[in-house]
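Keeping the supplied structure of chain A fixed, place chain B upon it in accordance with the hints.
Here is what each chain is made of, one letter per residue.
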Amino acid sequence: MIEIVPSGTHIDFIGHRRIAFAISGVLLLAGLAAIFFQGLRLGIDFAGGTEVAVRFDAGTKVDEGVLRSLAGACSILDPTVVRYGETDAPEFLIRFNRTAEVPAGGDDCPLTDEQRESLAAVDQATGANSASSKTPSIVDRLTMAMRNQIGALDILSVEYVGPRVGDELRRDGLSALGIAIVLILIYIAFRFSSRFAPGAVIALIHDVLITAGVFAIFRLEFDLSVLAALLAILGYSLNDTIIVYDRIRENMSLRTKYDLEDVMNRSVNQTLSRTLLTSLTTLAAVICLLLVGGEVIFPFALAMAIGIVVGTYSSIFIASPAVLYLERRFGDGAGSAATKKRSAA
Amino acid sequence: MSGLGWRLSGALACVGLFAFLTIANFVPQEKRLESPLLPDGGLRLGLDLQGGIHWVLGVDLEAAIDQELGFMAENLREVAEEKAFTVSGTRVEDGALVVETDGGADAEHVASWAKDAGLRSVGSDGGVLRYELTAAATKAVKQRGMAQVLEVLRRRIADPIQGIPDSVVTGQGEDRILVQIPGGQIDRTRARKLLEVTGHLEFKIVRDSAPSEELLRAKYPDGLPAGTGIATERDKETDRVLTAYLLPDQADITGEYLKDARVGFDRQQRPIVDFQFNTEGGRIFSKLTSENIGAQLAIVLDQRVYSAPSIRSRIASRGQIEGRFTAQEAADLAVVLRSGSLPIPVQIEEERTVGPALGADSIARGLRASALGLVVILVFVVGYYRMSGGYASLALLANLVLLMGVMSMFDATLTLPGIAGIVLTVGMAVDANVIIFERIREELRAGKSPRAAIATGFNKAFWTIMDANITTLITALVLFEYGTGPIKGFAVTLSIGVVTSVFAALVFTRLMFEVYPGTRSVPSLSI
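Which chain is which? The protein sequence lines are A and B, in order.
Position one of the first sequence corresponds to residue 1 (the numbering used here), numbered consecutively onward.
Position one of the second sequence corresponds to residue 346 (the numbering used here), numbered consecutively onward.
For reference, chain A alone in the conformation it holds in the complex (with noise of 0.2 Å):
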């Protein structure tokens, strides 16, 4: 029988209680200056703007400098103007948020007249006059203006997002994580008596928002996939927690007179090898992910990988004395260190 953590293992998380929460205090407040005073870098999902991504024939010579003067030379402000695949068809991601306007006597982007005409009519013939409704088109423009200038190439994907839909996605992502923090909240009350349910949310909300925070100090970028990380973490991180809660509620009926720290650290003990393995087995599956699903699928993987890992950490380390905490602060003395004998079970 191979183990992963000897059955006899004690090891006093609970007296350590006061580093992790060091630790934990220390990651969180990093991570919420990084979201406070540098915010996180926002993807087009929830920033608005104009995303294309275009692979150009094998050989082409081409790099970011060409790329970001020919957008600007066809009234693009600010392009950003990254390279990335590995193969020697080069790849590149074109974003920009702002275009300028159109100078009456045309701007130098490369296109042929016929070009220009036949994107004129489809603008006026589509109503786009504002800036924001133009921005379709200016993809047009650039693919033909790349294609005249540079090569053959692609089209990979043309994401575009509005500044109205830009903003309800946000709204709506945050108004999703606090229904379902609010329905978890709920359901850990049904299920486990109001004493676990505040340890529970402490650790739920210290996953999602170091998680937040990591992606806030790596300047990582936070799109709609990454949320639906985050909302998956929310779900995924309490599996663990649930198995040491569980635990204790079982180690608590087992006798009468017992003393909640060393209740709580024996039932973390026992439940260790199985919240590691749970925790492993996922976080294999998200790192395989991470390795071989490509740039689409990379961000929500990194989110889940590092929640995962926190996940974890806090169902040993914070979940357990959040409530013991919380006890010996607020409590009917239950958790203070003398036993006491309990009226019920």
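Be a bit skeptical, because a hint or two may be false.
Stated by the list, open to error - Have a look at the derived ranges for each label pair, beta carbon to beta carbon:
1) B:GLU826 with A:TYR84: 31 to 37 Å
2) B:GLU375 with A:ALA100: 49 to 55 Å
3) B:GLY508 with A:GLU101: 32 to 38 Å
4) A:ASN148 with B:GLN412: 38 to 44 Å
5) B:GLU407 with A:ASP78: 26 to 32 Å
6) B:GLN517 with A:ILE217: 34 to 40 Å
7) B:VAL860 with A:ARG83: 22 to 28 Å
Source of the hints: derived by calculation from the structure; they are not laboratory data.
Note that beta-carbon positions come from the ideal geometry of N, C-alpha and C, so glycine has one too.
The following block gives chain B in isolation, referenced to the frame of chain A:
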């Protein structure tokens, strides 16, 4: 057959059925429709996997309100003429109709008209009266506007000659339309020409013209005559203004009366669009042309003058639009004219277009990640739990079959985040088994017999597994409610996966333990 035998065959039949549903997806659609055995529907690939155009069009319903108020204003003028009262001016601003009168009896007439028309007064200042549509009328106008736009777009997509097969146009919320065009059938520029353009064709008799807008304006130092505006004809090659025309705001006849529009060719074999009016349109058109012989008739499409030929004789019901069209452009324009103009402008508010190359790439990568994840986990579980791990592996595979089968049954859409959800499910499905097995190990260590340990393990783990998965299900459902497009696909696979994995662990794994060791009293358990 014993009770166990029945349950075992039930489980196998269940897996078999879902395996059948899963495998049926690989049979081409046409063959499935022909075969009486195979299901017609099945798993669909999201646009992010098969490639395609995904648009959310915003419908400018405020414009519909303004249009409605404009009609009301026209009606007011007619009524005023009929009942002989004076309205000095009407205008529509900020969703309200403003009527200017000299006050007194005129204002009273207007007020009584408004009452009959069901308008809501939102203030009056002397002779200036402001009206808005009632909430009910606003809602009705908006709904009608949406319905009209949807219908026009559907006609354009379903056009038998130039339509886009398999595309979907659906209303979303109160003022949005979701357009999904699968595959790389058409490029987005063409799609915009087909769907986004208003297609408002007007015929107007030219009042005056000049080589440029400035020169034309210079002819009217006191401002343009009431009820007219300037439209320009541009050179097809240089986009330079050729002629500026002074045209009436009100069209003499519009594309509304068209019966048909087709691609034709002029004498130089350049593509043109031939159109034909219906009977009523033909009557109006021949009257218009016979009364204006010698004048120029401007053909205006979406505010742009395409040509302004001189009327030489009465024209009955046919005409043509010349432009420097390519054959494709002419064909697309014909579709737009055939299916009618959009009564309200639409605008792309969100776009997620994926080229076929990236879609195929995503499928390949998603499959690779799933396969790798599956192998890693199977190896780990069998290595760690031996025979029991083998049970867990079988349950995991059965879980995947159930997941795919349920998705096929509901004709669910598989997206890239959906594949991520499946990989995640593979990782999480083992959790339930780990919880059970660890508990069984614990009971064995406490000195219980394998049989007793298995029973206790399953019983004690039950609620822990339920609790752990219900919270995940809650978040998955919230995500389903709030997510859009691909993200919704993640919520779908995650929620179905959570349910099937609990089922697989609690039913299938347990059943395998009942087969062996079952009721036998074995000295030890490979776990």
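| Satisfaction of the hinted span 31 to 37 Å by the C-beta atoms belonging to B:GLU826 and A:TYR84 | Since B:GLU826 and A:TYR84 have Cβ atoms about 33 Å apart, the given range 31 to 37 Å holds.
| query | Is the gap between the beta carbons of B:VAL860 and A:ARG83 within 22 to 28 Å? | reply | At roughly 56 Å between Cβ atoms, A:ARG83 and B:VAL860 fall outside 22 to 28 Å, so the hint is violated.
| Is it true that the C-beta distance of B:GLU407 to A:ASP78 lies inside 26 to 32 Å, as the hint says? | 31 Å, holds
| Is 38 to 44 Å a correct range for the gap between the Cβ atoms of A:ASN148 and B:GLN412? | 40 Å, holds
| Assessment of proposed distance window 34 to 40 Å (beta carbons of B:GLN517, A:ILE217) | 37 Å, holds
| Between B:GLY508 and A:GLU101, is the Cβ distance one that fits in 32 to 38 Å? | 36 Å, holds
| Lying within 49 to 55 Å: is that true of the beta-carbon distance B:GLU375 to A:ALA100? | Distance hint for B:GLU375, A:ALA100 holds at roughly 50 Å.
Checked against the numbered hints given earlier, this structure breaks only hint 7.
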